[in-house]
Amino acid sequence: MKGKALKIGIPIFLLGGLIWAMMGNYPYAQIGYGPKQPVEYSHKKHAGDFNMDCQYCHTGVTTGKKAGVPSINICMNCHVSVGFKEDMFTPLDKLQPLHDKWDAGESPQWVRIHNMPDHVRFSHAPHVNSLSKPGEPTKEVCKTCHGDVASMEVVEQVESLNMGFCVSCHKEKRETHDTRMNCSTCHY
Amino acid sequence: MNANSEKGNMWRSVEAKERQKYEVEKASPNEFPAAVTELIEKGFNYSLDRKKFLTIMGASLSMAGINCAKQPAEKIVPYVFRPPEAQPGIPVHYATARVNHQGVLPILVKAREGKPIKIDGHDEHPVSKGAMTADGFAGIWELYDPDRLKTSAEKTSADFSDIDTATAIAKAVEIVKGASNVRVLSRASYSPSEKKAKSSFLRARGSRTQVVYDAGGNQAQLFAGEAKSYGSAIIPQYRFDKADLIVSIGADFLGTWITPEVYTKQHSSRRNPDKNMNRLVVAETMMSLTGANADTRFPISAGTHLVFALGLAKQLLSGSAYANNASVKKAVAPYTAEKTAAITGVDATQIKSIAKELKKKKGKSLVVAGGTNTLDGDLGSIQVVANLINSILGNDGKTIEHNVPLLEKGDFSSPAELAKLIDDMKNGNVDVLILDRANPVFDLPAESGIREAIKNVKNVIAIADHKDESASEANLVIAASHYLESWNDGYSSGVYSVAQPVIRPLFDTQSVGEIWLQLAGLDSNYYNFIKDDNAGSYLTGSLNIAFEKALSDGFFVARRGGSSSSRKFKAGALSSIKAPTEANSGLTLTLYESVQIGDGINGNNSYRHELPDPITKICWENFVAVSKADAQSNGWRLGDLLEVSREGRSIKAPIYIQPGLKDGSVALAIGYGHESIGSVGDGVGANAWTLAGFSKNGSTFDGLSVEIKKVESGYRTATTQRHHDMHGRGLVRHAPLSDYKENPKAGSIEHDLHLPGRGLYPVHDYSILAEGKGTYKWGMAIDLSKCTGCSACVISCYSENNIPVTGKDEVWRGREMSWMRIDRYFEGEIENPTAHFAPVMCQHCENAPCENVCPTNATQHSPEGLNDMAYNRCIGTRYCSDNCPFKVRRFNWFEQWEGKIADPAQYALNPDVTVRGRGVIEKCSFCVQRINEQRQMAKSEGRKIEEKDLKTACQQGCPADAIVFGDIGNKETMARAQWDLERGYRMLDEVNVHPRVKYLTRIINQG
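Protein sequence lines, in the order shown, are assigned to chains A and B.
Residue numbering for the first sequence is 1 to 188, as defined by the numbering used here.
Residue numbering for the second sequence is 189 to 1195, as defined by the numbering used here.
Treat the hints as calculated values from the structure; they're not laboratory data.
Don't take each hint at face value.
[Claimed, not checked] Here are some, though not all, of the chain A residues that point toward chain B, as calculated from beta-carbon distances under 7 angstroms: (1) Gly9; (2) Ser71; (3) His119; (4) Ser123.
Remember, it's a predicted structure, so these values are computed and weren't measured experimentally.
Glycine included, each C-beta is placed from N, C-alpha and C at the ideal position.
With the hints as constraints, model all of the structure from the sequences given.
Written as C-alpha cells, this is what we have:
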C-alpha cells in the first residue's frame, strides 16, 4: 500500500513540477525574453555604434517613475532625413513600418519586455539619479538592471528582476546609498 | 464634569444605552456558489467527515495549480507627439471650478495619463482656501458614472430611441421655433456665460418664460429674506471667523447650508482653545452636524424655528434702535420668554441667558437661521427675523459683509411664479417645456401636482445627465456633459472662476452652455463665448493675457470685500410674518437635507450612499427619526418600518431613534427615493418630497402634521454606528474651556500601564533613524476641537485609495471597507445629549499587535514608523484584524473590482495604489504612495521631503484643518508642534501599543 503510493505519487509530483516549470513559472523564466517588435529597432546600432545616450529617447528616466518609450516624434527628429534608400526618398525596408505609422498618425504597439507585476512599484528617477556618477554616460547605470543593451540587436531581459534581485542590491548598497528595505518601499 | 466613556456614560447608539436586542436576519451573498455559502453559513456544525474533507482539500489544491500561467504580454503605446507636460506616470493638476446650482466650488483636479482621478480643494483660492466637502470629492464618480446618458434620446410613441446630441439639439431648435408658448424650468446657475447664453434665448420670448426653483430651498430662502429685509436679493458673506458667539437657528452651516466648506474653515479657525475660542449655540429640531458640534444645543419642536427666532428677538429688543419701532414690537409681542418656551420646548431661562450672552457680544456675534429644515411655507420669513436680530446687535456690516456678497442677483423665481407655471402646464397652456438640469417630478413637493401637470405639456425637452424621473416624461432628452468635461465660468464672492475641461466628453454629450448657445441660435463656440463675450467684464488688463492667467490660476479676484456699513433693516417686512402661537399637538415632521445626498441630484453615486450619515451613521437609506419616548409610547422598536402619511400621501421608511429630538417631532431626509436615475440610486430610500407642502408663498418642509403607523417589523437598516466598537475606553476626551485654562491636561485620564515597560516582543528599534540620513518619523495629530465629523476626509480617502463600495447588505454585516471611519459618541441624557466625533484610521502603533500575529509576515513595521501592509503576502487569516485594538483593518470578503466594475468607472481608480482582490486585508497606509512619491522626488533632487509638499488624503480633505500629518522627528514641523501639545493623548496608550496618531482633547466653550 505504502509502496504503491510512493511509486505513483512521486512521479506524478515530479511530472507536475516539470509541467509547471515548462509553462514558464520558474523564477528565472523571463531571462532571455526578447520578443519580436513591430519595428525592427536596433539598440546595438543606436546606443552602441552611434553611442547615443539612453536619455535621448528615454526622457523620463531622471524625472519620473517611467523611463518612457519614446513618442514617434523623437524617432522622427532624425528619421525625416536619415534611413532612406539610395533614391533619398524611399525609407529603408526596416523603417517602412515606422513611416507607415507616422503617416497614419499612430504609434507602434511595442511589446513590453521588462514587466513588473502590478503589486510592485518601481520608480526610475531615484535609482538612476543616485547611482549615476558625474561624467559617466547614463548607460553605465542602466546596465545594472537592463544589461548591456548597447550590444543587443534585439533587446532581451538579462536579469530576473524578481524580489531577490531588488533586495540583494538594496542590501549591498545600504551603507552607501541610504536604501530602504521595508515592504512599503515597493508594495503599496 | 469630566465625563468620559470610562465612567460608562458615553454611548454610540440607543441600543447600546438601552441594551435592547434586535433580531438578526440572514441574507445570502451571491458571489460564491451555493454549496460553499452553505458551508460557510453552517460553520463547524457542518458534518464534514474525513473523506469529504480530503476530497475538497485535494480539489482545491489542484485548482490552485491550474491558476498559474505565463506572464501575459503587454503592449506599450507611446504618444505620436508627446505634449511636454504629459509624462506618463506623473500627474498633472488642473485648476478649475465646479459651477452648478449650489454655487461655485473652486477645485484642483489631479489627472493621470489624461484621466482625472481625484478632485481636491483649491488651496490658493482667496475664499475657499482649499476647503472641500464630501459632496465636492464625490464628483469624480459622477464623471465616470456608467449610468450617465451616453447620448441623447428621442421619444417616438412610447419608447426612447437614441439619437446623437447634435441632432437632438437641432430637433429642439425646430420644436421651439414653431411653438408659441415656450417655458423653461431650471435650477439656479452661477455661471455668467451660461446665464447670458440662456438670456438671449429667453429675451425673444418674454421675461416670464423662465422659472428657476430651489429644490432644497436654502438659497431661495436666503435671497428672499435678504430682499425683504434690506431690499436687495443677495447672499451676504457670513464671517464665522469674525464672530465670538454664533447662534444658529436651524441653519446647518457646517453640513449643508449654502457653502459649508467655507463656513467650516472659518468656524474651525476659531476653535483654538489657546486663542480667542468662539462659542456656538444651536437651536434646531433634527440633530444636524452643526448641532452636534454646538457648545450648547437646544432641541426645539418641529415647526418652531421661527418662534425661537422671534422669542430671541423680543429679549434683545429693549434698549436697541428698533425698540420703538411699531412693526417690530407688534411682530415679537406675543413671544415672551415663557410663551416661546411653551411652544419650542426650550426653558425660558435658557432663552434669556442666550439673549444676555448675545447682548454682551454686540458686533462680535452672528445669528444665522434657515435651511431646508426651517421652510415653513412663507419663504424667507425666518431670514427676516434673523436679520432683525443681527441689525439689533449691530452685526450687519461686521460679521455679515454685504458689499461683495457670496452670491449676487439670485435668479430664483418667486414661489407664486412656480405655482403659476404648474397651473399653466396643468391647463395645457404650455406648448414646450424645457427642463434645464431640473428634475421637478422628483424634487418638487408632490402637493404641487407637477407629476400630473407635466403630462399635459405637448413637448418636454430635458437637458439632463441621467434619464431621471422628469427626463423620462420628456419627448426629447439632450445629454449634458459633466462639469469636468465642460468649459464654463462662475462668479461668486467677487471672484471670477474659469472652469476648464479636464477630459474630453466621455460620451456623446455637450456642455449646458453650448446647448443654450445653439438653442438661442448664436453661432459661436462656448469657449469663445466665455472668453470674448463675458470674461472681459470681470478681468482687467489685456484680455488674452488675463484670461490665460485666470485659466491657469483657476480664478481672478474681480472685487475684494470687507467690513462695511450696516444696512437699514426694513421693519415692514415683519408685518406679514405668521408664526405658530400654540405648541404642536400630535406628530410634527421636519424635512432636512443630509450631508451625503443633499438634494438628491447626484443620487446615483454609490459612494454617497455608502458614506454613513455623520449623525446617525445610517447608510443607503433615509429613515424616520423619532424620539425615544414617542417610540416607546407607540410601541415602535428599531427594525420597524413606518408609514408616514400626510393629506393622503404616504411613504415608508425605517425607524431610527434619534437622541436629542423633541418628543412629538419627527425628521426625515430629502433627496432619497429616486425611481429612475440609475442602477445605484433607484429605490434607495423614500422620497420625502411626497410629504412636503406647496403653496404660492413657498414650500413647507417644517412643521408638517403627520400620521405614522407601523407597517412591518424586522426591517434591516445598514448602520455603522456599532461597528468596529472599541468598547468604550476613554477614547474621546473632552473638557470645558474653563477647566482647560487651569489645566492644559484637562479631560485626560491617567491610566496605569498594563505591565509597564514590558511587552511580549522587543521594543521596535528606531535608532537607525539617525538625523540627516534622509529618514523620517511619520506621525499624525487630530484636533478634536476642530473636527466637525463632516466626513469629507472619509470620501477623500475612498477616492485616493481605491476603496470599494460594498452595498447595503454588506454594510449591514459590518463589512464596509472604509479605511477611516468617524466614530460618533453621544454623552448624557437621551433627550439632549452632547455629541463627540473621532476620526479613526490605522494608528500605526509602534508596538503593533497586528504584526506579531501575521503568519505570513504580510504586515510589517517600517523604520519610519509605518505599519506596512503587503497585500500579495496576505493569505486572509484575519488574525491581524482580530488582534487590532482599534478595529481599523478591513477584509475583502468579495472580489470588488475584477469583473464587477462597469465601464468607465475603472478610470476613477488611482493608478498609484494597488487594487485589492478577494481574501486580502487592507487598511490605512498613511497614504504611503504620496510619501513615496515625495521621497522619490526629494531623493532625486538630493533634499528632504518638505512638509508643505506632503499631505495625506484625509488631511488634504479636511475643511476644518483638524488633521496634521508629518515628520514628528523634526522639531520644526507643524506636525511636531501639534504632537507636543499638552492637550494630546493617544488612544489605548495604556495597553502599550504606542500609536503614531495623537488626538487633541476636545475643548467645549460652555460660555
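Results of checking the hints against the structure:
1. Contact between glycine 9 of chain A and chain B, as hinted, is not supported at the beta carbon level, the nearest pair being about 12 angstroms apart and thus beyond 7 angstroms.
2. The closest approach between the C-beta of serine 71 of chain A and any C-beta of chain B is roughly 4 angstroms, which is under the 7 angstroms cut-off, so the hint is satisfied.
3. At a threshold of 7 angstroms, the smallest CB-CB gap from histidine 119 of chain A to chain B is about 5 angstroms, leaving the interface hint in force.
4. Checking serine 123 of chain A against chain B by beta carbon gives a least distance of about 5 angstroms; that is within 7 angstroms, so the hint holds.
The structure is inconsistent with hint 1 alone, although it conforms to all the rest.
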